[in-house]
Amino acid sequence: MSFTKMILIIISMVLVNNYPLAQFLGICPFLGVSKDLDSAKGMGIAVTLVMGLASIVTFPIQQLLLSCGIEYMQTVVFILVIAALVQFIEMFMKKNMPALYTSLGIYLPLITTNCAVLGVCISNTEDYTVAAVGSFGAAYVYAILQGFGGGLGFWFAMMIMAGVRTKLQDQSAIPKAFQGVPIILTTAAILSLAFMGFSGMI
Amino acid sequence: MNLIIIAIVLILVVGLIAGVLLSYASKVFAVKEDQLFLDLRAELPGANCGGCGYAGCDDYAHALANKNAAEPVPCTKCAVGGPAVAAKLAATLGTTAGDVERQVSFVACNGTKENAKPLYEYSGRVESCAAAKTLFGGSKECPYGCIGLGDCVNACEFDAIHLCDGVAVVNPDVCTACGKCIKTCPQHLISLKPVSEKVFVQCSNKDLGKAAMAVCKTSCIACRMCERTCQHDAVHVVDNVAGIDPAKCVGCGECAAKCPKHAILDLAKKA
Numbered sequence: 000m001s002f003t004k005m006i007l008i009i010i011s012m013v014l015v016n017n018y019p020l021a022q023f024l025g026i027c028p029f030l031g032v033s034k035d036l037d038s039a040k041g042m043g044i045a046v047t048l049v050m051g052l053a054s055i056v057t058f059p060i061q062q063l064l065l066s067c068g069i070e071y072m073q074t075v076v077f078i079l080v081i082a083a084l085v086q087f088i089e090m091f092m093k094k095n096m097p098a099l100y101t102s103l104g105i106y107l108p109l110i111t112t113n114c115a116v117l118g119v120c121i122s123n124t125e126d127y128t129v130a131a132v133g134s135f136g137a138a139y140v141y142a143i144l145q146g147f148g149g150g151l152g153f154w155f156a157m158m159i160m161a162g163v164r165t166k167l168q169d170q171s172a173i174p175k176a177f178q179g180v181p182i183i184l185t186t187a188a189i190l191s192l193a194f195m196g197f198s199g200m201i
Numbered sequence: 000m001n002l003i004i005i006a007i008v009l010i011l012v013v014g015l016i017a018g019v020l021l022s023y024a025s026k027v028f029a030v031k032e033d034q035l036f037l038d039l040r041a042e043l044p045g046a047n048c049g050g051c052g053y054a055g056c057d058d059y060a061h062a063l064a065n066k067n068a069a070e071p072v073p074c075t076k077c078a079v080g081g082p083a084v085a086a087k088l089a090a091t092l093g094t095t096a097g098d099v100e101r102q103v104s105f106v107a108c109n110g111t112k113e114n115a116k117p118l119y120e121y122s123g124r125v126e127s128c129a130a131a132k133t134l135f136g137g138s139k140e141c142p143y144g145c146i147g148l149g150d151c152v153n154a155c156e157f158d159a160i161h162l163c164d165g166v167a168v169v170n171p172d173v174c175t176a177c178g179k180c181i182k183t184c185p186q187h188l189i190s191l192k193p194v195s196e197k198v199f200v201q202c203s204n205k206d207l208g209k210a211a212m213a214v215c216k217t218s219c220i221a222c223r224m225c226e227r228t229c230q231h232d233a234v235h236v237v238d239n240v241a242g243i244d245p246a247k248c249v250g251c252g253e254c255a256a257k258c259p260k261h262a263i264l265d266l267a268k269k270a
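For the record, the sequence lines run as chains A and B.
Numbers 0 to 201, taken from numbering that gives the first Met the number 0, label the letters of the first sequence in order.
Numbers 0 to 270, taken from numbering that gives the first Met the number 0, label the letters of the second sequence in order.
Derived from the structure by calculation, the hints contain no laboratory data.
Some clues are possibly wrong.
Below, in silico cross-link-like pairs of lysine-lysine (DSS-like), each with a Cα-Cα straight-line distance of 25 Å or less [said to hold, decoys possible]:
id: 1; chain 1: A; residue 1: Lys93; chain 2: B; residue 2: Lys26
id: 2; chain 1: B; residue 1: Lys132; chain 2: A; residue 2: Lys166
id: 3; chain 1: B; residue 1: Lys26; chain 2: A; residue 2: Lys94
id: 4; chain 1: B; residue 1: Lys66; chain 2: A; residue 2: Lys93
id: 5; chain 1: B; residue 1: Lys216; chain 2: B; residue 2: Lys205
id: 6; chain 1: A; residue 1: Lys94; chain 2: B; residue 2: Lys66
id: 7; chain 1: B; residue 1: Lys112; chain 2: B; residue 2: Lys205
Computed footprint of chain A on chain B; a stretch qualifies when at least three of its residues, placed anywhere within it, have a C-beta under 8 Å from a C-beta of chain A [stated by the list, open to error]:
id: 8; stretch: 0 to 14
id: 9; stretch: 23 to 34
Computed, partial: chain A to chain B, Cβ under 10 Å [unchecked claim]:
id: 10; residue: Cys67
id: 11; residue: Met90
id: 12; residue: Ile105
Just so you know, these numbers come straight off a predicted model, no measurement behind them.
C-beta atoms are modelled at their ideal positions from N, C-alpha and C, and glycine is treated no differently.
Turn these sequences into a full structure, and let the hints steer you where they fit.
This is the structure in structure tokens:
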């Protein structure tokens with residue numbers, strides 16, 4: 000379990016394999032909630048939290064599935080677990096952290112079945128199998144880091160997108176056919192191209 | 000066959016554990032919601048359109064249920080629900096919908112192309128009041144007036160405000176008082192007035208006398224004629240602009256008749 004590898008995982012998830020920009024997962028909230036910086040920040044924090052916790056919970060479950068020989072049930076079981084987990088987080092937050100709940104609680108139902116969350120859980124199980132890494136402990140740590148890192152990358156991309164969209168708010172300089180969603184998608188594509196510069200770094 | 004059974008059992012077990020955990024959590028982490036809030040929220044359509052001016056139906060229901068509010072929140076704010084929802088909300092709250100007066104937006108400027116002189120000809124690619132304002136405070140000589148490029152028209156979702164002759168005018172029949180135009184206007188000219196109010200001051204010019212006269216034909220020059228004429232203490236000149244207090248105004252129109260610049264609009268006479 001090397002410290003270098005841990006740093007590299009974070010860099011990889013934030014820059015190289017950024018979820019919405021490089022892996023094209025989680026585009027729905029990425030486009031939907033990036034209208035202004037505050038909601039983008041709220042969504043980013045919520046996604047980081049959920050991705051991290053989901054990674055923590057689903058990695059051991061994958062080991063259970065492997066030991067029973069039913070790896071093909073991965074998708075169904077993961078979805079079930081992630082949905083229940085997010086519901087639990089929402090209830091916990093509502094009771095114990097009311098201030099946090101009012102600011103980002105409304106985003107939690109939106110990310111319950113977000114493909115990026117399922118995506119990070121599945122890629123954890125593919126990238127860091129116990130056989131490849133050596134010990135369950137090390138693999139688990141890497142998986143958790145990948146989870147939180149994925150969320151951080153998502154947050155990062157959302158903040159950039161929100162910044163660009165705030166500048167683009169005055170729509171009258173944009174051709175009529177592009178106003179609204181088309182220009183947002185075009186912007187996301189250009190951001191994606193920009194992030195392609197990081198590919199192959201790690 | 001064995002594998003299928005294991006799969007089914009596993010899913011059942013995971014589902015059961017999740018279910019038990021969640022129902023336990025919903026008891027442990029239960030937050031007591033105000034029953035009034037829940038009742039009011041149930042009556043709202045749930046579209047979360049924001050037309051009421053609050054952040055979604057939950058926020059509006061909270062505002063309505065808030066007994067510590069400084070001002071009573073009107074039940075009539077839901078444009079989607081209309082009068083039917085307003086009546087239901089009023090019944091739940093114990094008031095009648097008719098008690099709360101409907102409000103509409105009003106643009107306090109009469110700087111039409113005829114009245115207000117332009118400072119420069121604006122031919123920018125960006126047709127926006129906010130953009131024009133950055134250039135010397137707008138394309139009319141009066142720095143407080145309506146720039147007339149239609150940011151408010153674009154903001155209105157109910158098609159209630161339009162540009163007439165270079166100045167924005169609200170159609171009180173269509174306006175739902177959602178407040179979007181109020182937030183959008185970079186000159187802060189728009190405010191809410193009760194729909195029964197018939198006399199308005201159509202100027203926001205904070206300059207005195209000669210300076211105000213130089214920029215517009217119908218500007219308020221703060222001569223205080225209206226303040227002196229009013230028998231009901233409803234008109235006061237604040238910051239060199241006349242203002243009518245809707246609570247005291249009876250709609251007699253004396254101030255409008257006496258104003259030397261015709262800056263006060265009397266809808267009753269106009270009709």
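Okay, the hints, checked on the actual structure:
1. Under the criterion of a C-alpha separation no larger than 25 Å, the hint pairing Lys93 of chain A with Lys26 of chain B is consistent with the structure, at around 12 Å.
2. Between Lys132 of chain B and Lys166 of chain A the alpha-carbon distance is near 17 Å, which keeps this suggested pair within the 25 Å criterion.
3. Of the pairs offered as hints, the one joining Lys26 of chain B and Lys94 of chain A holds, with about 11 Å between alpha carbons and a cut-off of 25 Å not exceeded.
4. The suggested pairing of Lys66 of chain B with Lys93 of chain A holds, with an alpha-carbon distance near 22 Å, which does not exceed 25 Å.
5. Between Lys216 of chain B and Lys205 of chain B, the direct Cα distance comes to roughly 15 Å. Compliance with the 25 Å bound is thereby established for this hinted pair.
6. Straight-line distance between C-alpha atoms of Lys94 of chain A and Lys66 of chain B comes to about 23 Å, which keeps the hinted pair within the 25 Å bound.
7. Simply put, Lys112 of chain B and Lys205 of chain B have alpha-carbon atoms about 20 Å apart, close enough for the 25 Å limit, and the pair holds.
8. Coverage of the stretch 0 to 14 of chain B by chain A holds. Counting CB-CB distances below 8 Å, 7 residues qualify, and the rule asks for three or more.
9. Restraint check on the stretch 23 to 34 of chain B versus chain A: 6 residues with Cβ-Cβ distances below 8 Å, three needed, restraint holds.
10. The interface hint given for Cys67 of chain A is met, as the beta carbon of that residue sits about 5 Å from the closest beta carbon of chain B, less than 10 Å.
11. Because the closest C-beta pair between Met90 of chain A and chain B is about 4 Å apart, less than 10 Å, the hint holds.
12. Among the interface hints, the one on Ile105 of chain A holds; its C-beta lies about 8 Å from the nearest C-beta in chain B, closer than the 10 Å criterion.
The structure agrees with every numbered hint stated previously.
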